[in-house]
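Visitor: Use these hints to put chain B onto chain A, whose structure you have.
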Amino acid sequence: MMDIWHEELPGDVQLVGVRGRLDQNLTPELDAELDALLEEGYQRFIVDMSEVSYINSGGLRCLVTAWRKAKKEGGNVYLFGLQPRVHQVFSMVGFDKVFELYPTQQAAQAEWQQGVS
Amino acid sequence: MGRENSLTVPGRYSEIQRLCAFVSKGARQAGFSEDSIFQIELACDEACTNIIEHTYGGEAKGEITVRWQVKKRVFVISIEDNGKRFDAGQIPPPPMPPEPPTPGNEFEIQVGGLGVFFMRELMDEVHFSYQAGKGNVLTMEKQLPEKAQ
Chain A
1 MMDIWHEELP GDVQLVGVRG RLDQNLTPEL DAELDALLEE GYQRFIVDMS
51 EVSYINSGGL RCLVTAWRKA KKEGGNVYLF GLQPRVHQVF SMVGFDKVFE
101 LYPTQQAAQA EWQQGVS
Chain B
1 MGRENSLTVP GRYSEIQRLC AFVSKGARQA GFSEDSIFQI ELACDEACTN
51 IIEHTYGGEA KGEITVRWQV KKRVFVISIE DNGKRFDAGQ IPPPPMPPEP
101 PTPGNEFEIQ VGGLGVFFMR ELMDEVHFSY QAGKGNVLTM EKQLPEKAQ
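First to last, the protein sequences are chains A and B. Position 68 of the first sequence, counted from 1, bears residue number 68 in the working numbering, the numbering being contiguous throughout. Position 20 of the second sequence, counted from 1, bears residue number 20 in the working numbering, the numbering being contiguous throughout.
So that you can see chain A by itself, here it is in the shape it has in the complex (with noise of 0.2 Å):
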């Protein structure tokens, strides 16, 4: 099973899996799958953090530098599925106001179709 995998969505859409620990064994795997997205000009992303265990610092910047990216072509980083340990290092920071988060893929493929139609 791969750590980091990579799947598209309807409405260009990029659904992105990380699994396991968010650290600096695969941080550097998933800035280069982020990275390879946003150089093939795709600009909307939803990161499925449901089976990250852990995260630290070099994990959230990984994902604020891709989230900022992004909104610079005009797209996001959604994510969704944060476990709460998880989630409390992004309060800590104040990044769970930085990204929009959402309980769910569904909820948060739903905020892009929205934005689609």
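Any given hint could turn out to be false.
[Stated by the list, open to error] A short, non-exhaustive set of chain B residues, derived as facing chain A with CB atoms under 8 Å: (1) 14; (2) 17; (3) 22; (4) 35; (5) 42; (6) 49; (7) 114; (8) 117; (9) 118; (10) 125; (11) 130; (12) 132.
Simulated from the structure, these hints should not be mistaken for lab results. C-beta atoms are modelled at their ideal positions from N, C-alpha and C, and glycine is treated no differently.
Guide: Quick look at chain B alone, frame taken from chain A:
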């Protein structure tokens, strides 16, 4: 209690998880909840990342030694390196909370200084010291939970 446990590894990112697991195991033995263990682990992770990034200026430039012990109902972690002086005072804290995105500054979220912020936020005491010729010693403390022996 009071016995010291230590682990020394090469200063590489791939070794950080091993150091964190070593400290987490000690924290679990000391009676911390899983939530607190997560916090201790994150503080150690950020400390070791800082050592590689700032005091050594890259991977494989030196070793990192982590020790933990329980002293008077306090879980004490010390992290040592042989790199250049790490002056935490020079690292500005990130704006808290980050400014909400507004036209003009919406992409300027500051992400520097988060590591030291996490360490200070998650632990009860954080102390940096430096001895010329020896290196840095970072000491972090967390009070044991009430019910722990």
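Visitor: Hint compliance check: list the failing hint numbers for this structure, sorted ascending.
Guide: 3, 10, 11 and 12
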